[in-house]
Every structure is written in structure tokens, then in C-alpha cells.
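Q: One letter stands for each residue in the lines below.
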Amino acid sequence: MLDALLPQLHGFEIIEQTQRGERQAFVRVPPAQLFSLLGLLKQSHGFVTLTTIACADWMEDGVFGLTYVLETAERDRVLGVQTHLGRDGAALETAIPLWPQAEIFERELHEMFGIPISGHPSLGDFMLEGWTHTPPMRREFDTLKFVQDTYEMRGGREDNQDVREAIRRRKEAKKAAAAAANGDAA
Amino acid sequence: MYHHEHCEGFQCEQQQLEASLAQSGNELGALDRLMAWFRQRSLFVLAYGTGCGAIEMRPLMTSRFDAERFGIIGAATPRQADVLVISGYLAIKTLKRVIRSYEQMQAPKYVIGLGSCTINGGMYWDSYNTIKQLDHYIPVDMYVNGCMPRPEALIEGFVALQQRIAAGTPSGFERYRANIDWYKANQRRVLGDNMPPDYTYDWYHAGGVA
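Those protein sequences? They're chains C and D, same order as listed.
Take the first sequence: its position 2, counted from the start at 1, is 2 in our numbering, and no numbers get skipped.
Take the second sequence: its position 102, counted from the start at 1, is 102 in our numbering, and no numbers get skipped.
By construction, these hints were calculated from the structure, which means they are not laboratory data.
Glycine included, C-beta positions come from ideal geometry on N, C-alpha and C.
Just so you know, not all the hints are guaranteed correct.
What the hints assert, rightly or not - Cβ-Cβ distance ranges computed for the label pairs, FRET-style: (1) C:Thr18 <-> D:Asp181: 57 to 65 Å; (2) C:Ser122 <-> D:Pro59: 51 to 59 Å; (3) D:Pro108 <-> C:Gln148: 33 to 41 Å; (4) D:Pro108 <-> C:Arg139: 42 to 50 Å; (5) D:Ser42 <-> C:Arg139: 20 to 28 Å.
To be verified - Chain C stretches covered by chain D per the calculated footprint, using a threshold of three residues with CB under 8 Å from any CB of chain D: (6) 118 to 131; (7) 139 to 153.
Turn these sequences into a full structure, and let the hints guide you.
A: Set out below in C-alpha cells:
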């Protein structure tokens, strides 16, 4: 699939390419070329559907790995267009002019990762309401600490027993019984 | 062959149906006993599902388990409902709606917490977006544990609630009114500036006049 496609993408700097089987491939481009490549793929190469925009937080490299998953109308080819976006407030250009459904995907990116989307008309609350902390899907967000600070956990039952202790005792008893039986047999 | 002395699961339902009829309720006067009997036999449940537990409400209400035998039936709006079933995990965003619905319900009103998530967070104990103890935010009359509890367990919870009503035990709403500052402080702690408008509990500002 890439062999046929790549020669037609003149002028695009393909940083990375992966072919996974006959029908699925990934290409990575710089953020500046992303929007024009998406437009070209939609207009001229049949990738008319935007399935989703996936995001992975590569904190060690200081980037977000974004993947626009595109699909043809015949559902015979899937292309993931990837780009690496700086983690520290680098803006992403909106894909709403190409696909209206990108509106909600980008709102989620904005809320969960704190990525500013330029040209987006409605970057409001999406699933969280009035969230003022670090966006929760960023990896520096310490979920457990946040939970311990925000909520009060219910104390255990007073007769609460350590299950591991009980299991260990039962195993030892079983082992001792088996050893005794072996001793009898010998 | 396996014999059991007592009924199990759905076999208990007939017994449960008849049990509450034979209650003495000695500590209540005749009129209170009559009122309690009316109340326990017509529990309108708000048709509202918060988490995955809402899936258990369908077989409960429809022909398979037929909760209407117990006088339990769905209500369309909070103002017509007596019982609010919190069916599973409660996200902060949903909590706000639940508080509003609860405050709009007319007293006497009851809350049943369904599933482990309402008791201690359940499998969402380390989720940033779900509350861990429901009774910190609204008063809970009855907890039904399990993940998920079967409709039979829910029926048992309802029957236990009916017995409480018959015995004249004050509903959780009395607790809510008495400790409103504590409840509101807890709610404010998770909702922040996003608190629901306070006209649904305006008795609080009107000097306790409901």
C-alpha cells in the first residue's frame, strides 16, 4: 500500500513509515505539513473518513505522538498519519475544515492532554466539568495522589483479615500434611 | 440430593411479599402505621441510571422479576419519585445532576446505593473522576453490595427498605437536613465552584421551612 502511495506524496517529508500487512500503514510527517497532507489524502487518495485522533504522551521525548486514523470509503485501506507535537504548549491546527467530526476529537485532546487547538470554535468543557488541575491524561498527573488528596477512602472492616496471610497458612498446612503422608508411605 | 431448609434467591420472593404484611409496628400509632403501610407499598423509583448497574433495573422492572408485585414502579420525574437508585459508579459530573435530582424529590425520599462503587469506589477506587463514598454527598438509606448485584439482591434491598419504612425509621432525608452543612461542604470539596444552584434546597436559606 505504501509503495503505491508514497511516490505520489511529493514535497512531504516522511520521517518514518511503517507497513503493517496489506491494508494498514503509518506515515509520520512534521507538524507543519500535517494539515496539507491530510487534505491531499482526503481529496486525491480516497481517505475520506477520519476514524479517530489518537494521542500518546511520550514524556521522555517531550512530545505527544498524534495519530490521525484515516480510512477509505471502501473500507479496504487504513492509513495512520502521525506527527510528534511538542508537549509544552505547541498548538495543533484544527482539522474541522476537512472533517466536522474532528471537533469533538480535538475537544477531547484539549481537555485530556491540554493541547491548544488553533482555529477551533468551541474548546469548552467536554467530559470533565470545571477541571482546574493538570489535564488528567498527561503522564505527569499523579492519579493516585490526586485521589488520595480529593476523596476520603472508606476504612476497612474491623474484622478485616489479610487474605494473603490466610492463604499462606493454608498452603503451609497442606504442605505439612503432604510431607506427613509421604513420611508414612516411606 | 441437595436439600435446603430456607428458600434461596427468587424462591424467597413470595415470602418477602408476605413478610411485611404481618408486621406489628407497635411503636407507631394507628395513623402512622397506616401511612407507613401506604408508603412502603408504593415506592416510585426515579428512572435514572448512573453507571453499569442501571442494566439490572430493566429485568427488575419488567416481567422477569416484576418489581411491581412489591409496589415498586418507575417514575418519570424527580418530583414524582420516592426512591433514587444510584446504580453504580458516580462521576463528579453525574454527582452534580444526582444532587439536583435528589433535592427536587419530595420528602419522604429514600436513596439506595447499588453496587460496590457506591460503597467504597469498587473497581474505580483509584479513578480521578468518580466519588468513593456516596454517603458523604447524599444520605444513603440502603446499600446493596456486589459488582453487579443481581436483581434478586436488589429486591432484597427494597424489601429491607420497606421494612424500615414500616417500622417508622426516619429516612435519610432527615439526616440530610440535620447535617446539611457537612453534606454541602463535602459536595463543594469535589465540585469546587461548580456547585448546583441552591434553589432546590431553598428551605435551607428559608430557615428550615420545607
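Q: Output the indices of the hints that this structure fails to meet, ascending.
A: Violated hints: 2 and 5; rest satisfied.
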